[in-house]
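Colleague: Assemble the complex: chain A is given as a structure, and chain W must be docked to it using the hints.
The residues making up each chain are set out below.
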Amino acid sequence: MKKKALKELLLQGNEAVVEGALRAGCRFFAGYPITPATEISEQLSVRLPQVDGTFIQMEDEIASLGAVIGASLAGVKSMTATSGPGFSLMQENLGFAIIAEVPCVIVNAMRGGPSTGLPTSPAQSDVMQARWGTHGDHPIIVLCPSTVRECFDLTIKAFNYSEKYRIPVILLIDEVVAHMREKITIADDETIDIVNRVKPTVPPEWYIPFEDTPRGVPPMADFGEGYRYHVTGLTHDVRGFPTSRPDEVDAFIRRLFRKVSQNFADFQIGEHYHIDDAEVAIIAYGCVARSARRAVADCRDKGIKAGMLKLNTIWPFMRTDVEKVLRQAKVVIVPEMNMGQISREVKRVNKGSAKIFTINRVDGTIITPQEIMGRIKEVF
Amino acid sequence: MIEVTKLIHNYLRHDKKFPHVWCPGCGIGIMLGALIRAIDHRGYQKDEIVLVSGIGCTGRLPVYVDFNTLHTTHGRALTFATGIKLAKPRLKVIVVMGDGDAVAIGGNHFIHAARRNIDLTAIILNNSVYGMTGGQYSPTTPYGMKTATSVYSNVEHSFSISELAVTAGAVFVGRGTVYHAKLLESLMEKAFQKVGFSVVETISHCHTQFGRMNRMGGAVEMMQWQRDHAVTVEKAAQMTEEELKDKFKIGVLIDRNLPPYQDEYDKIRRWSKGVERK
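Protein chains in written order, with my numbering: chain A, 1 to 380; chain W, 1 to 278.
Careful, some of the hints might be misleading.
Okay, derived cross-link-like pairs now, SDA-like style, lysine to any residue, Cα gap no bigger than 20 Å in a straight line [unchecked claim]: (1) Lys273/W / Val51/A; (2) Lys17/W / Glu205/A; (3) Lys377/A / Thr358/A; (4) Lys267/W / Val46/A; (5) Lys16/W / Val249/A; (6) Lys146/W / Met213/W; (7) Lys16/W / Glu211/A; (8) Lys17/W / Asp247/A; (9) Lys16/W / Val238/A; (10) Lys46/W / Trp206/A; (11) Lys273/W / Gln50/A; (12) Lys16/W / Thr235/A; (13) Lys46/W / Glu225/A.
Everything labelled a hint here was simulated from the structure, so no lab data went into it.
One chain only, chain A, in its complex shape (with noise of 0.2 Å):
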């Protein structure tokens, strides 16, 4: 057999997502200067002509987004990139990517908020407004990579859930992973799991654009390509039309969701280190996952078992992993820098078997080992 090439690169966080990007198709972006996803629009300004793909700078984040939604109707794989006050104002046209099923990836690499915040300062408090911040019920998928190779694969998964689902996939990067520099060994591009959406088979006119499918995915047609159809931000039937009976509302709002729901098992992207036996487990995301993973190890030197569950999938929320950690820890301890916004979820699954502990730092600055190591000591 022929040895696949390798490629050795130290990246960014930020440019592995540009890499993962490019090899998972993604020929279009739009975006508006931020900090700190910036070097994402910079890297991509200048890889994407050169495969013959569009990058544009925009008005602000609304028409960015826009745009992407508009190219990935036209039938090109499409994203954009930014932090808390531009994500804010993505949420509108979020939930028309959410009700018209057009896949997009929307790269957050969050920094402290409210408002301008802390621009350059890592925060892990976007994770609500991820799940939430767009009006109106809606399923969404939010991934959430804690080194520069996450940021590379989890980039890929990304485009390939919103290709699979047509639904807006979120990456939710902090300020340190996208602006830290790893080694990152990229395989050959064929070993790579690329998915593209699904297209319609039928003659264009028994094309039914928003049928319910038993994966509940319709099969989705680009513009031009002799499928005319329409597509709107209001309710709509099977057609495409507008409607307000509930009927057709109520099978629409329910199919948008079971086409997440029922497929939940795919979802589940952690890690578990040492968790098997642990006494004390961590459940962690993002650049405190890699504070905890310290952490666990000086446990461990220590003679205490220490465990923990790393997230990449923040939602839907992994509650089978997460509920077989507080079924056999005797304490669980959540360390995240916002006051609170995975621990809440964590504390809604406890079906009372675990003392869960927090770690809330809000300051723009990283938690360390040592302060999770105290936080240990504290309660175990």
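Modeller: Only chain W this time, still in chain A's reference frame:
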């Protein structure tokens, strides 16, 4: 009559649940008629046309016609259209908006789409009011008029959409009215033939809201007002400032050639691959 029936059969969606949302006497239907005749006359394939709209009475237009149709968020139609055009330049992109949609909530997108010279046609129906929500004042409501949110009087000064488009860099700007339906149709045809950002402003009426609140009569009286206050560009050139005081110009306001965004970006693609600049 046979001609009209043919157009209806060919371009209206038979599987769409009619009736439409517009009031009897509304000008949007006249604009839609002009739009369909202009498209038919140019001989475009239905598959190559993407009709994009925002929110409001005018925003409801695309659902009734058999093209690739996209009903976006309020004011954002041009941003979606930008993405479609750049991703698939062979598509003919037409955007329909109302006055509030285009120059209030979407004002920023409007000037930047014009500045970038994105190759599409923006058709704006200007009826001086937010009709769908009950007749509130818009950026084109004239000073001193009454609306649902200016019951005492409108103290804001209005925008001129066409002049704004000229300043922002559109290659073609035409203004018509729904009274001058044949002129409107010919302006649309001219706009479609231009490469770059073209604008057709359509002066229309909202007798249900604006006309009622300002005692301007019904649809017929308001269309007579359009007839009496519109002056062709050619005729206006012969008139004094004083004579033009209460009038507005109709016809081609600007027609110029500038390279569209997609041609400029093709240069970027070549340069990015190391092709030498001339």
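Colleague: If a hint holds in the structure, say so; if it does not, say that too.
Modeller: Structure-based check of all given hints:
Between lysine 273/W and valine 51/A the CA atoms are separated by roughly 9 Å; this keeps the pair inside 20 Å, and the hint holds. About 17 Å separates the Cα atoms of lysine 17/W and glutamate 205/A, which keeps this hinted pair within 20 Å; it holds. Between lysine 377/A and threonine 358/A, the direct Cα distance comes to roughly 13 Å. Compliance with the 20 Å bound is thereby established for this hinted pair. For a cut-off of 20 Å, the pair hint linking lysine 267/W to valine 46/A stands: about 13 Å separates their Cα positions.
About 17 Å separates the Cα atoms of lysine 16/W and valine 249/A, which keeps this hinted pair within 20 Å; it holds. Distance check on the hinted pair: lysine 146/W and methionine 213/W sit about 6 Å apart at the alpha-carbon level, within 20 Å; holds. The straight-line distance between the Cα atoms of lysine 16/W and glutamate 211/A is roughly 16 Å, inside the 20 Å bound, and the hint therefore holds. A threshold of 20 Å between alpha carbons decides the hint, and for lysine 17/W with aspartate 247/A the separation of about 16 Å falls inside it, so the pair holds.
Of the supplied pair hints, the one linking lysine 16/W and valine 238/A holds, its CA atoms being roughly 12 Å apart against a limit of 20 Å. Between lysine 46/W and tryptophan 206/A the CA atoms are separated by roughly 17 Å; this keeps the pair inside 20 Å, and the hint holds. Under the criterion of a C-alpha separation no larger than 20 Å, the hint pairing lysine 273/W with glutamine 50/A is consistent with the structure, at around 5 Å. For the suggested pair lysine 16/W and threonine 235/A, the alpha carbons sit about 15 Å apart, so the restraint of at most 20 Å is met.
Using a Cα cut-off of 20 Å, the hinted pair lysine 46/W and glutamate 225/A holds, with the two alpha carbons roughly 11 Å apart.
The earlier numbered hints are all upheld by this structure, with none contradicted.
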